[in-house]
Amino acid sequence: MRNFFQRQGKFRPLSRGDVRGKDQGQQIPEDLWVKCPKCGELLYSRELERNGLVCPKCNHHFRLRARERIDLLADADSFEEWDAGVQPMDPLHFVDGQGPYDEKLVKTQAKTGETESLITGSARINGRPLALAVADFNFLGASMGSVWGEKLARAVERAVEQRIPVLTVNASGGARMHEGLYSLMQMAKTTAAFHRLGENRLPHFSLLVDPCYGGVTASYATVADVMLAEPGALIGFAGQRVIEQVTRQKLPEGFQTAEFVLEHGMIDQIVDRGNLRSVITTLTDHYLGMPEGLETYSPNGFRSARDAKHAVPEEEPDSATTGTGGES
Amino acid sequence: MTDTHQDQDTAQAIEGTEPTAPLTAMDRVRLARDPQRPATLDYIGELCTNFIELRGDRTFGDDAAMIGGLATFRGRSVVVLGHQGGTNTRENIERNFGMPRPEGFRKARRLMQHAQKFGLPIITFVDTSGADPGIGSEERGQGTAIAECLMQMIGTRVPIVCTVIGEGGSGGALSISLGDRLLMLENAVYAVASPEACAAILWKDASKAAEAAETMRVTAADLDRFGMIDELIPEPVPANEAPRDTIHTVGDRIEAHLDALYESFDPDDPEAMAALLNQRYDKYRKIGAWSETGEVEP
Chain Z
205 MRNFFQRQGK FRPLSRGDVR GKDQGQQIPE DLWVKCPKCG ELLYSRELER
255 NGLVCPKCNH HFRLRARERI DLLADADSFE EWDAGVQPMD PLHFVDGQGP
305 YDEKLVKTQA KTGETESLIT GSARINGRPL ALAVADFNFL GASMGSVWGE
355 KLARAVERAV EQRIPVLTVN ASGGARMHEG LYSLMQMAKT TAAFHRLGEN
405 RLPHFSLLVD PCYGGVTASY ATVADVMLAE PGALIGFAGQ RVIEQVTRQK
455 LPEGFQTAEF VLEHGMIDQI VDRGNLRSVI TTLTDHYLGM PEGLETYSPN
505 GFRSARDAKH AVPEEEPDSA TTGTGGES
Chain G
233 MTDTHQDQDT AQAIEGTEPT APLTAMDRVR LARDPQRPAT LDYIGELCTN
283 FIELRGDRTF GDDAAMIGGL ATFRGRSVVV LGHQGGTNTR ENIERNFGMP
333 RPEGFRKARR LMQHAQKFGL PIITFVDTSG ADPGIGSEER GQGTAIAECL
383 MQMIGTRVPI VCTVIGEGGS GGALSISLGD RLLMLENAVY AVASPEACAA
433 ILWKDASKAA EAAETMRVTA ADLDRFGMID ELIPEPVPAN EAPRDTIHTV
483 GDRIEAHLDA LYESFDPDDP EAMAALLNQR YDKYRKIGAW SETGEVEP
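In order, the protein sequences belong to chains Z and G. In the numbering used here, each residue carries its 1-based index in the first sequence increased by 204. In the numbering used here, each residue carries its 1-based index in the second sequence increased by 232.
Simulated from the structure, these hints should not be mistaken for laboratory data. Be careful, since some hints might not be right.
[What the hints assert, rightly or not] Mimicking DSS-like on lysine-lysine, the simulated pairs with C-alpha atoms at most 27 Å apart in a straight line are: (1) LYS454(Z) with LYS242(Z); (2) LYS239(Z) with LYS315(Z); (3) LYS440(G) with LYS308(Z); (4) LYS308(Z) with LYS436(G); (5) LYS454(Z) with LYS518(G); (6) LYS239(Z) with LYS261(Z); (7) LYS311(Z) with LYS349(G); (8) LYS242(Z) with LYS261(Z); (9) LYS349(G) with LYS308(Z); (10) LYS436(G) with LYS261(Z); (11) LYS315(Z) with LYS436(G).
Just need the whole structure built from these sequences, with the hints factored in.
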């Protein structure tokens, strides 16, 4: 607690979760307390983690790293990663103001501990199998390049083979400029893969999380069978700075938030992080039928996971330890 | 005009040199944007007869930056689609400088469905700096409109031949380029972002656009080398100086590719239809540059 008083002026949002903080230089590795960027509340970081990185006071959804997301979403130990060995290349020998792209890749991989900005694999949610593709915003702003396209296309093709639905968790700063037209073409490649998924009558659920822009918004992520978003997430095609510069207009209040795109008819639901497992479970059961030996997890549909837990006396033993945001 | 470039195969271009002299990427960008360069309506006017423009997205409005309709092209009825900017200020405002809004993409999607319904092949002319980045476009779902266009195009059950005739700018260009053939004029460019936008983001300096254009590999020759286009159509004289010749050369190539596609395509044969769609899938499925380490899964 002594530490707390000495450092309170320096507290930054969670070092791993939220990269929106403007004070990124002040990384305090042993953060015990985290200041909510929305309501300013000082939160005990353990408690915030137990709450799925959602502020218990104002429901601000902190950004999650891809693996944190998978931990929160999938049944414990159910995630099996696919194609982790697919590595980015530098086909253009791209050099920008900061140096060559291939060097940037090596640095980013070392810094993030990830090989690329999209992680794919199979998982179970309340026992229901599905293919998962989760973006990691910390890896070059979750920009979509060749690896993203290849891993996602393979994941969707496997989903077709295994006849399982696909859940994508989409954050992105846009197409990766360092791979030039290869990146743009990943919009075509991923959309083509999801077209096949649809031809095979398998559903795609897309969850848009903060922030989701550019080529990802303009391809597979916005033409899913069910469109979901996290509260407060910024979602758009063009970035706000670009729009301001081009139009020289002041952007309306709440522009491009999840609430804004819901109001404008682009998504089906805004889902609190704590409810996500239950929503995906119910959706999966609607499209693929109830798996044998499993009861419906959430008879009340879109209620919170906490409520659903009360409604169903026994959760799958597997998932009890995984937890979702709202269960702590 | 006096930027330095790293590539050996590019050289400083001097105004007025022979057209065969190597041009820098930024020179090509400037040529691609030249207001005298023929645009979609010029191609339709010169190559097609019986053009009936079909307008409107049936939901919100009509977007003059994306035009389309029915036409007779070399003896075939086709659906033609293309971006269209303006040649003067008034027309540019009317056509939003050739940057489609969601209505434009929804019109394009509607016309693709129309072509499919009546079994008409589609030819498209790509020429836009990109999709409109405006408040209204965001409100009406710009991203979704482009995505719906891509989703429609990849599964459209008729042959599609696309040609980049000027500037191929990002998602706005891709929206009508997902065909069975992608042709590109020698002095056209096709890029994930405009060189200016790329420079502003990665150099924090829009004046580095020439460097960005070079390293982004936006020219037809680059994309041909990467196997991303099916044919580079030479411009012995730049299109802005020889518009009519260029247009007819493009027309010949489109016709040749349509003929080739129809050799094996029969709208009444389910196998031929499946083959067309599978080839289109494979065409985009294989694009990417990545390596693989460790155990490769089956």
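Evaluated hints:
| no. | hint | in the structure |
| --- | --- | --- |
| 1 | LYS454(Z) with LYS242(Z) | 22 Å, holds |
| 2 | LYS239(Z) with LYS315(Z) | 24 Å, holds |
| 3 | LYS440(G) with LYS308(Z) | 19 Å, holds |
| 4 | LYS308(Z) with LYS436(G) | 17 Å, holds |
| 5 | LYS454(Z) with LYS518(G) | 42 Å, violated |
| 6 | LYS239(Z) with LYS261(Z) | 11 Å, holds |
| 7 | LYS311(Z) with LYS349(G) | 51 Å, violated |
| 8 | LYS242(Z) with LYS261(Z) | 10 Å, holds |
| 9 | LYS349(G) with LYS308(Z) | 48 Å, violated |
| 10 | LYS436(G) with LYS261(Z) | 38 Å, violated |
| 11 | LYS315(Z) with LYS436(G) | 23 Å, holds |
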